[in-house]
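Engineer: Given next are the chains, with one letter for each unit.
Protein chains: 2
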Amino acid sequence: MLEIEAKARIKNKGEIEQQIVKAGGKYISTQRQKDTYFAHPSRNFEKTDEALRIRTSGSEHFLTYKGPKLDKLTKTREEIEIKLEERGPISEMLNLLGFRKVATVKKTRANYALLDFQISIDDVDGLGHFIEVEKQGGEYKPEELVEALEGLGVKKREMEIRSYLELLLEKKEVNKCQ
Amino acid sequence: MLEIEAKARIKNKGEIEQQIVKAGGKYISTQRQKDTYFAHPSRNFEKTDEALRIRTSGSEHFLTYKGPKLDKLTKTREEIEIKLEERGPISEMLNLLGFRKVATVKKTRANYALLDFQISIDDVDGLGHFIEVEKQGGEYKPEELVEALEGLGVKKREMEIRSYLELLLEKKEVNKCQ
Numbered sequence: 001m002l003e004i005e006a007k008a009r010i011k012n013k014g015e016i017e018q019q020i021v022k023a024g025g026k027y028i029s030t031q032r033q034k035d036t037y038f039a040h041p042s043r044n045f046e047k048t049d050e051a052l053r054i055r056t057s058g059s060e061h062f063l064t065y066k067g068p069k070l071d072k073l074t075k076t077r078e079e080i081e082i083k084l085e086e087r088g089p090i091s092e093m094l095n096l097l098g099f100r101k102v103a104t105v106k107k108t109r110a111n112y113a114l115l116d117f118q119i120s121i122d123d124v125d126g127l128g129h130f131i132e133v134e135k136q137g138g139e140y141k142p143e144e145l146v147e148a149l150e151g152l153g154v155k156k157r158e159m160e161i162r163s164y165l166e167l168l169l170e171k172k173e174v175n176k177c178q
Numbered sequence: 179m180l181e182i183e184a185k186a187r188i189k190n191k192g193e194i195e196q197q198i199v200k201a202g203g204k205y206i207s208t209q210r211q212k213d214t215y216f217a218h219p220s221r222n223f224e225k226t227d228e229a230l231r232i233r234t235s236g237s238e239h240f241l242t243y244k245g246p247k248l249d250k251l252t253k254t255r256e257e258i259e260i261k262l263e264e265r266g267p268i269s270e271m272l273n274l275l276g277f278r279k280v281a282t283v284k285k286t287r288a289n290y291a292l293l294d295f296q297i298s299i300d301d302v303d304g305l306g307h308f309i310e311v312e313k314q315g316g317e318y319k320p321e322e323l324v325e326a327l328e329g330l331g332v333k334k335r336e337m338e339i340r341s342y343l344e345l346l347l348e349k350k351e352v353n354k355c356q
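Chains A and B, in that order, are what the protein sequence lines are. Here this note's numbering is used: the first residue of the first sequence is 1, the next is one more, and so on. Here this note's numbering is used: the first residue of the second sequence is 179, the next is one more, and so on.
So here's chain A without its partners, still in its complex pose (with noise of 0.2 Å):
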């Protein structure tokens, strides 16, 4: 399944889901997601731009592989996504076949639906807000994407390419050297 993203920083929240229910987009859920990544035993995720990661989201499990990004403004990628029973089990199998813990990133989820996107609003453990629309399947034209973003108010330079993994992990690196 082709996943298509597109993600923006915010520092106005409140004005920003204004701006969905406003556009006739309706709030669906909010949960706790916390997401652990995982490093490959051979190969290097930073370098081939794929992620493995295990979600719990609410009361769900889910294990997730993310391939290379497929263009510059968007997070368009190819996305693989399982359903589990537990968090437990694969954890441990993981770490069994050589996969290692990088990060964990952790995070509220406020969900709405608006016409054929999902919009999140992030609240980010250490990072802050951000505005996440999505379409999974259908035609890739990650510019639907942007022009979403724009038509609620959120600016291009504001846009984010890097993933929470990706901006938690510089923000070490930078906290390391100071």
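If you're looking for bench data, these hints aren't it; they were derived computationally from the structure. Even for Gly, the Cβ is constructed at its ideal location relative to N, Cα and C. Some hints here could point you the wrong way.
Just so you have them, the derived chain A footprint on chain B, three or more residues with Cβ under 8 Å [as the list claims (entries may be wrong)]:
{"#": "1", "stretch": "195–208"}
{"#": "2", "stretch": "219–229"}
{"#": "3", "stretch": "265–272"}
{"#": "4", "stretch": "281–288"}
Put chain B on the given structure of chain A with help from the hints.
Structural biologist: Coordinates of chain B only, in the frame set by chain A:
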């Protein structure tokens, strides 16, 4: 979870099944099973005596990791089994992570319960009939399994520590050489 398991080749399937029932065993169910085994991207599973497989048993799917065998007579080893909703996505994910398909083992498995043991009578495509006695969890006493097999009329010399995968690969080697 420790998987404590012993296996033997049988020629007299009907007699063994009668022995199981005579000893108080109950017939549970029969399934067709398809196991696809994968090679690790950077570790030689043949040398480390590990295995990773996707099993489809009837209409259910599992991802299973098996650690190295812990003794010389039984197939006791660490096992982690994860239930999946589908077979396709995990197969594609393993492929993208560099795990290559090695072989597929197909068999018809009849399951019996006898005391604390799970007993399987397997008809393995290309290999013939086998009996497996298994105990999950509990104390690690491999001799119990050997005694259980002997109690059903199986001789020690008919016991087989090699996996079906190993037996099939060895058979292919032999065929190649002829």
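Engineer: Now tell me, hint by hint, if it's right for this structure.
Structural biologist: How the hints compare with the structure:
1. 195–208: violated (count 0)
2. 219–229: With 4 residues in contact (Cβ-Cβ under 8 Å with chain A), the coverage given for the stretch 219–229 of chain B holds.
3. 265–272: Holds: 4 residues of the stretch 265–272 of chain B have a Cβ under 8 Å from chain A.
4. 281–288: That given contact is violated, which follows from only 0 residues of the stretch 281–288 of chain B lying within Cβ reach (below 8 Å) of chain A.
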